[in-house]
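Enquirer: Sequence:
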Amino acid sequence: MRIKNQASTLFFLRIVEDDRQKHLVPKTQVPPIKDNLKQSARNFVSSSRPTPHTHTHSLCVDCQVSFALMEIQIPPNLSWWDQINDSTRWQNAIFYSLCAAYALVSSIALIQLVRIELRVPEYGWTTQKIFHLMNFLVNGVRAVVFGLHKLVFLLHPKALILVLLDLPGLLFFSTYTLLVLFWAEIYHQARGLPTDKLRILYVSVNAALYIIQACIWIYLWIDDNSVVEFIGKLFVAVVSFMAALGFLTYGGRLFFMLRRFPIESKGRRKKLHEVGSVTAICFTCFLIRCIMGFLSAFDSDASLDVLDHPILDLIYYMLVEILPSALVLYILRKLPPKRISAQYHPIR
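Note that UniProt numbering has the sequence shown beginning at 1, numbered continuously upward.
Computed spacing ranges between beta-carbons, pair by pair:
1. I218 / W80: 36 to 46 Å
2. N206 / Y330: 23 to 33 Å
3. L118 / Y330: 13 to 23 Å
4. G124 / L319: 29 to 39 Å
5. Y96 / L327: 16 to 26 Å
6. N206 / G124: 12 to 22 Å
7. R259 / S87: 49 to 59 Å
30 Å max Cα-Cα, derived BS3-like pairs, lysine-lysine:
8. K270 / K197
9. K129 / K270
10. K129 / K334
11. K271 / K338
12. K270 / K338
Don't read these hints as lab results, they were simulated from the structure.
We put the beta carbon where it would ideally sit given N, CA and C, even for glycine.
Using the sequences and the hints given, assemble the complete structure.
Expert: So, in structure tokens, the structure goes:
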């Protein structure tokens, strides 16, 4: 039995050796370790008594030797994720795709803004018009940034990169919290609550956020401090959490108020679907922004302000800006009704 086990071990090691030769691994890389493993296997087998479990022990030794040799001989290869991230061709393809997607959404917002203006020019700058204008600006800036990514990600100091990447994020926050303000006004009016302070609160919160973010950028411009950069990423995460909480609060309140509305109508069902869908979409996208903000603050591999993370950038911006913007613009595509005045007659 002992002779049989020794023969089995040496035969298995010979197979591994032949496999190593096939993979063109230089023999000089691992002979000391391989010889030690062979000798350890022989010593173990020769010192074992012929018991019913001896064959099992021999197989375990064979497996351990084979796995050890495989780990030593096979060089580690880069994963497909790393290969794409390090490929200039893939970087250009992904960032230009983001540029095209943002340009498309920006164009849709602009077309919708023009349609609304032609429909009701006498209304002035309503919440709906401002919302579409800001969507046009946010997505347009993103399209330019990703279209010029070769220059943007190589700017010095790094504060310039953060300005070009974070400023559209703040504008995105202001754009979609405008919906929260609109819903809050509707909810307060329906409940008989005062609404005069809501717009002041909206403007004050946004002004404070822009001032704080500007201070972070200025400090990083003067002194590229990793601690301040860490605080800036946490700040973005907190801002996103505030937006998610706002949608959950007032979107949820308005949704349940519409559900309890006693009169069943087609308009009620449409508004219920509109509020529920937009609330779910915006809450999800801002929650993802919040989570990614925290992750990027603590893990450099999750950073979004570098050139060699194109896959992460593609997934992130598709989930938190492009798809939500496209879906919300589609849901809110209905034009306002025309205003017909009996006292107005066009000059012929």
